[in-house]
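Listed in order, the protein sequences are those of chains A and B. Going by my numbering, the first sequence opens with residue 25, and the numbers climb by one from there. Going by my numbering, the second sequence opens with residue 25, and the numbers climb by one from there.
Treat the hints with caution; some may be incorrect.
[Said to hold, decoys possible] The list that follows gives simulated cross-link-like pairs (lysine-lysine, BS3-like), each with its CA atoms no further than 25 Å apart:
id, chain 1, residue 1, chain 2, residue 2
1, B, Lys467, B, Lys456
2, B, Lys222, B, Lys456
3, A, Lys401, A, Lys257
4, A, Lys401, A, Lys30
5, A, Lys340, A, Lys35
6, B, Lys325, A, Lys192
7, B, Lys387, A, Lys188
8, A, Lys188, B, Lys130
9, B, Lys387, B, Lys61
10, B, Lys307, B, Lys45
11, A, Lys192, B, Lys387
12, B, Lys387, B, Lys456
13, B, Lys325, B, Lys45
14, A, Lys256, A, Lys401
15, B, Lys467, A, Lys188
[Said to hold, decoys possible] Simulated restraints on C-beta separations:
id, chain 1, residue 1, chain 2, residue 2, range
16, A, Trp289, B, Asn41, 26 to 36 Å
17, B, Asp28, A, Ile166, 29 to 39 Å
18, B, Trp384, A, Leu328, 36 to 46 Å
19, B, Glu39, A, Leu169, 36 to 46 Å
Everything labelled a hint here was simulated from the structure, so no lab data went into it. All C-beta atoms in this analysis are idealised placements derived from N, C-alpha and C, irrespective of residue type, glycine included.
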Amino acid sequence: MDYQKKLLPSKLGTIGYALLGIGIVSIGVSFAVNSHRAFFDYLWMYMFLISIGVGSLALVAMEYLVGATWSTPFRRVSEFLAALIPVLVVLTIPLFFGLHDLFHWSHPEAVASDPILQAKEPYLNVQFFTIRVVIYLAIWLIFFLLFSRNSEKQDLTGDPALTKQSIKLSAPFAILFLLTIAFASIDWMMSLEPHWYSTMFGVYYFAGTLVSAFAAATFCSVMLNENGYFTKKLSNNHYYSFGTLLFGFNIFWAYIAFSQYMLIWYADLPEETFWFIMRMKEGWAYYSIGLVFVHFIIPFLILLPRSSKVNPNLLKVMSIWMLVAHAYDLYWLIMPTYFTDGFGFGWSEIGVMMFAAGLMITVFKYRADRKNLVPVKDPKLQAGLDYHLT
Amino acid sequence: MSLDATYTRELPLVENNATLKDLDNIIALPTETKPTKGWWIAISISSTALLIGAISLFYTIYYGIGMWGNNQPVGWAFGIINFVFWIGIGHAGTLISAILFLFRQKWRTGIARFAEAMTIFAVMTAGIFPIIHTGRPWLGGYLLPLPNQNGVWVNFMSPLLWDVFAVSTYFTISFLFWGIGLIPDLAILRDKTTSKIKKNIYKVLSLGWTNSNRNWSNYERAYLILAGISTPLVLSVHTIVSFDFAVSVIPGWHTTIFPPYFVAGAIFSGFGMVSTVLIIVRKVFNMEHIITIGHLEKMNKILLATGTMVGFAYSMEFFVAWYSGNTFESFTFVNRAFGPYAWAYWIMFSCNVFFPQLFWFRKIRRSIPITFILVILVNVGMWFERFVIIVTSLHRDFLPSSWAMFTPTLTDMGLLLGSFGFFFTLLFLFLKTLPLVSISEVKAVVEGAQPTVHPHPHTNGKAIQEGGDGH
Chain A
25 MDYQKKLLPS KLGTIGYALL GIGIVSIGVS FAVNSHRAFF DYLWMYMFLI
75 SIGVGSLALV AMEYLVGATW STPFRRVSEF LAALIPVLVV LTIPLFFGLH
125 DLFHWSHPEA VASDPILQAK EPYLNVQFFT IRVVIYLAIW LIFFLLFSRN
175 SEKQDLTGDP ALTKQSIKLS APFAILFLLT IAFASIDWMM SLEPHWYSTM
225 FGVYYFAGTL VSAFAAATFC SVMLNENGYF TKKLSNNHYY SFGTLLFGFN
275 IFWAYIAFSQ YMLIWYADLP EETFWFIMRM KEGWAYYSIG LVFVHFIIPF
325 LILLPRSSKV NPNLLKVMSI WMLVAHAYDL YWLIMPTYFT DGFGFGWSEI
375 GVMMFAAGLM ITVFKYRADR KNLVPVKDPK LQAGLDYHLT
Chain B
25 MSLDATYTRE LPLVENNATL KDLDNIIALP TETKPTKGWW IAISISSTAL
75 LIGAISLFYT IYYGIGMWGN NQPVGWAFGI INFVFWIGIG HAGTLISAIL
125 FLFRQKWRTG IARFAEAMTI FAVMTAGIFP IIHTGRPWLG GYLLPLPNQN
175 GVWVNFMSPL LWDVFAVSTY FTISFLFWGI GLIPDLAILR DKTTSKIKKN
225 IYKVLSLGWT NSNRNWSNYE RAYLILAGIS TPLVLSVHTI VSFDFAVSVI
275 PGWHTTIFPP YFVAGAIFSG FGMVSTVLII VRKVFNMEHI ITIGHLEKMN
325 KILLATGTMV GFAYSMEFFV AWYSGNTFES FTFVNRAFGP YAWAYWIMFS
375 CNVFFPQLFW FRKIRRSIPI TFILVILVNV GMWFERFVII VTSLHRDFLP
425 SSWAMFTPTL TDMGLLLGSF GFFFTLLFLF LKTLPLVSIS EVKAVVEGAQ
475 PTVHPHPHTN GKAIQEGGDG H
C-alpha cells in the first residue's frame with residue numbers, strides 16, 4: 025500500500041472552531057433570552073447530530089454486514105463522523121434540564137387531568153425515559169468503541185480476523201440500531217405531542233437518518249478524493265454508487281413519508297390528523313409543502329439522470345442539499361409544538377445549526393488528524409479501489 | 025458479493041469449472057428429454073389439486089360465494105387471504121430480476137429466471153380470487169374504468185381499484201421482462217434442437233435473434249429500462265394491497281407502518297417459496313453447481329433480513345396499540361395474541377420471526393435440510409399472517425353483539441388447495457418447456473468471462489489463466 029498520509033488543511037480546523045464558538049455564544053444568549061425556545065432549538069440540533077453520528081456508525085456496520093467492497097476506501101469517513109457519538113453523550117445532559125419545557129407529559133398535573141396520558145404513564149414518565157435514553161447512548165457508545173478499535177488495530181496488523189469480528193458485531197448492531205433509532209425518535213420527537221401516535225414514526229426517522237448520514241459520507245468522500253487525500257483518485261464507478269444510493273435512500277424516505285401522510289389523511293381520524301393539522305396552520309402550510317419539494321421532488325429530478333450521479337461537483341452540492349433537507353425535516357417534526365401559532369425561524373435556530381456544523385467539522389478534523397484517512401490494511405481495500413461497474 | 029476467508033478474493037458463482045458448453049447442455053437438458061416418472065407423479069398431484077380447485081370454483085360461481093365461510097362480521101376471509109398470499113409470493117421474482125440487477129448483484133443470474141416465472145404464475149393465481157370474490161365474475165369488465173352505456177364508473181378513491189391497476193401493471197411488466205430475458209435463451213434452444221416442430225416454435229419465439237452486437241446492445245438497453253420500471257412496481261403492488269386494509273378505520277388494519285411492513289413480508293414470502301421449490305429443482309435437474317449453496321445462503325440472508333423487519337413491524341404495532349391509549353386498538357392486538365385465534369397468531373409469529381432467526385448461524389444457512397424446513401415454515405407463517413390480519417381484526421368488531429367466529433367451508437379449502445394446484449401445474453409445465461436458468465446470463469458470470477483487473481502487473485498473464493481454470 026503506497027498510502028502517504030496527508031493532513032487536512034489547518035484552515036478547516038479554524039473554520040470549525042469559529043462556527044463552534046459562534047454557536048456556543050448564540051446558544052448561551054438564546055437560553056438567557058428565551059429558554060423555552062432554546063430547548064426546542066437544542067433538541068432539533070441534538071436529533072440532527074444523532075442522525076449523522078449514529079447513522080454513520082450504521083453505515084459502517086452495513087458495509088461489513090452486506091460484504092460491500094466499493095465503499096471500503098471511504099469507510100473511515102463514516103467512522104470519523106461516528107465519533108460524534110461520545111460527544112452526544114455529553115450533549116444529552118442539558119436536555120434533562122429542559123424536560124418540563126419540552127414534554128407536556130413530564131408535568132404531573134397535566135397527567136392527572138388527562139386520561140390518555142394516564143394510560144401512557146408507565147412508558148412516558150421521567151424515570152423510565154431517563155433509563156431508556158441511557159440505554160440508547162450506552163449501546164451506541166459501546167458499538168462505536170468496538171468498531172473503531174477493530175478498524176484501528178487492522179491498520180497495524182491487517183488481520184482478516186478483525187474483519188470477521190466486525191462482521192459479527194454488525195449483526196447485533198443492525199437490530200439494535202433499528203430499535204434504538206425507532207424508540208429514540210418516539211421518545212424525543214413523537215412524544216412531544218403525547219396524544220399522537222403513528223407506527224411508522226420510527227421508520228420515518230430511520231429513513232431520514234440513512235439519507236443524512238449517507239449524504240455526509242458522500243460529501244466528505246468526494247471532497248477528500250477530489251483534493252487527493254486518498255491513495256489514488258477514484259472516479260465514476262465509485263461516484264455512481266454514491267449518487268445511486270443517495271437517490272435510492274431519498275426515495276425510501278419519500279415512500280415512508282407519503283405512506284404515513286396518505287394513510288392518516290385517508291382514514292381521517294381526529295386523534296391522528298391533528299398532528300398534520302398543526303403543520304398546516306399559519307405559515308406552517310407553506311413550510312410543509314416546501315418539505316415535499318426540498319426533500320423529495322427537487323433532489324429526485326436532479327439526481328435521476330446518470331450523468332448527475334457521476335458528476336462530483338453536483339454530488340457535493342446535492343449531499344449538502346440533503347443535509348439541509350434533513351434539518352428541514354427535523355424542524356418540521358419538532359418545532360410546530362413550540363411555534364403553535366404559526367411558523368417561526370430566527371437567529372437562535374441559525375445559531376444551533378452553526379454549532380452543529382462546527383462540531384461536525386471539529387470532530388472530523390480531530391479524528392482525521394489522528395488516524396489514517398483510508399483503512400490501509402483492510403483486506404477488502406484493494407477490491408474497493410479496483411471496483412468497477414459491469 | 026461473497027468473499028473468501030481472507031476477504032480479498034471473490035468466490036466463483038458457478039462451481040465445478042463448468043464450461044460454456046456444459047452450461048448449454050445442462051440447462052437445456054430438461055427441455056430436450058422426455059419427462060421422467062417423477063415429473064409425471066408431480067404433475068399428477070398438482071393437477072389433481074387443480075381439479076379440486078376447479079370443482080370448488082364451479083360451486084362458488086354456480087351457487088355464489090355463500091358457499092364460503094364468510095359471514096357477518098367476517099366479510100373478508102379466505103378469498104382475500106389467498107389473494108394477498110399469492111401476490112406476496114410473486115414479489116421475489118421482480119425483486120431478484122429488477123432490484124438486484126440495479127444493485128449489480130451477479131448472484132441473481134442463477135435464480136432470476138425461475139423466480140420470475142414463479143412471479144408470473146403467482147400473480148395469475150392471485151388474480152383469480154378478487155374476481156371470484158366479486159360474486160359475479162362475468163361482470164369483471166366493470167373493474168376497468170371504461171365508458172359504458174349504463175354510465176357506471178369505478179370509484180377512483182378506492183384502493184381496491186388501485187389494486188386492479190397495480191396488479192395488472194405488475195403482471196404486464198413482469199411478463200415482458202421475463203419474455204425479453206428469454207429471447208437469447210430461446211435462440212440457443214432453437215440452434216440446439218433437432219426436432220423440426222420445436223425449431224419452428226423457438227424460431228418464432230426468439231424473434232429472429234442472431235447474437236449480433238446490435239441484438240445484444242438493444243437487448244441490454246431494453247432490459248435496463250424494464251428493470252428501472254419494475255423497481256417501483258416491486259414496492260407499489262404490495263403497498264397498494266396494504267392500503268386495502270390501512271385506509272380503513274378498523275383497529276388492526278389502520279396502522280401507518282403497513283406499507284413497508286407488507287412489502288417486507290411479500291419479499292419474505294416470495295423468497296420462502298423460491299427457496300422451497302429451488303431446493304428440490306436443483307437436485308432433480310443436477311444443477312447444484314449452478315444454483316449453489318452460496319445462492320441458497322444469500323436467499324437465507326434475505327429471509328433473515330425481511331423476517332426481522334416483519335418482526336419489528338409486529339412488535340411496533342403491538343407497542344403502539346398500547347401506547348395509543350385507544351382501548352379499541354389495544355383490545356384488537358390483545359385479542360390477536362390471546363383471544364380465540366391465538367393459535368394462528370403464534371403460528372405466524374414463530375414461523376416468521378422466531379425460526380428465521382436461526383439463519384444468523386452460518387451452519388444453518390448452509391444446511392439444506394434445515395433450510396428446507398425453515399422455508400416451508402415461512403410459507404405457512406406468511407399464509408397465517410394474512411389470516412391473522414384479516415380475520416382477527418374483523419371477527420370481534422366494535423359491536424360485541426355481532427361478534428362471531430370464522431370457520432372455513434369445504435369450498436374454501438378446495439379453492440386454497442386448487443390455488444396451489446394451479447400454481448404448481450404451471451410451474452411444472454415451465455420446467456419442461458423453457459430453460460429454468462438464464463443460460464446467457466449465467467455464462468456472463470462464469471469465472472474468466474468478465475474483464476479482469478490486474479492489481480499486480482508482474483502476474484498479469486498468469487492471473488487470467490488462473491481465472492480461466494476457476495480456483
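Comparing the hints with the structure gives:
Note on B/Lys467 and B/Lys456: the hinted pairing holds, with a Cα-Cα distance of about 21 Å set against a maximum of 25 Å. Annotation: proposed proximity of B/Lys222 to B/Lys456 holds, straight-line Cα distance about 13 Å (limit 25 Å). At roughly 18 Å between alpha-carbon atoms, A/Lys401 and A/Lys257 fall within 25 Å of each other, so this suggested pair holds. Taken as a hint, the A/Lys401 and A/Lys30 pair is honoured in the structure, with Cα atoms around 17 Å apart against an allowance of 25 Å.
Pair hint A/Lys340 plus A/Lys35 holds up; C-alpha atoms about 19 Å apart against a cutoff of 25 Å. Between the alpha carbons of B/Lys325 and A/Lys192 the distance comes to roughly 14 Å, so the proposed pair stays at or under 25 Å and holds. Simply put, B/Lys387 and A/Lys188 have alpha-carbon atoms about 16 Å apart, close enough for the 25 Å limit, and the pair holds. As the CA atoms of A/Lys188 and B/Lys130 are separated by approximately 23 Å, the hinted pair is consistent with the 25 Å bound.
The hinted pair formed by B/Lys387 and B/Lys61 fails the criterion: a straight-line CA distance of about 34 Å is larger than 25 Å. The hinted pair formed by B/Lys307 and B/Lys45 meets the criterion: a straight-line CA distance of about 20 Å does not exceed 25 Å. Simply put, A/Lys192 and B/Lys387 have alpha-carbon atoms about 14 Å apart, close enough for the 25 Å limit, and the pair holds. A threshold of 25 Å between alpha carbons decides the hint, and for B/Lys387 with B/Lys456 the separation of about 33 Å lies outside it, so the pair is violated.
Taking the CA atoms of B/Lys325 and B/Lys45, the gap is about 32 Å. The hint is violated against a cut of 25 Å. A C-alpha spacing of about 15 Å is found between A/Lys256 and A/Lys401, which places the hinted pair at or below 25 Å, so the restraint holds. A threshold of 25 Å between alpha carbons decides the hint, and for B/Lys467 with A/Lys188 the separation of about 31 Å lies outside it, so the pair is violated. Distance hint for A/Trp289 and B/Asn41: a CB-CB separation of about 59 Å, inconsistent with the stated range 26 to 36 Å.
Distance hint check: the CB atoms of B/Asp28 and A/Ile166 are about 30 Å apart, consistent with the given range 29 to 39 Å. The beta-carbon spacing between B/Trp384 and A/Leu328, approximately 37 Å, falls within the hinted interval of 36 to 46 Å. Restraint check, B/Glu39 to A/Leu169: a C-beta distance of roughly 40 Å satisfies the suggested window 36 to 46 Å.
Consistency note: the structure conflicts with the earlier hints numbered 9, 12, 13, 15, 16.
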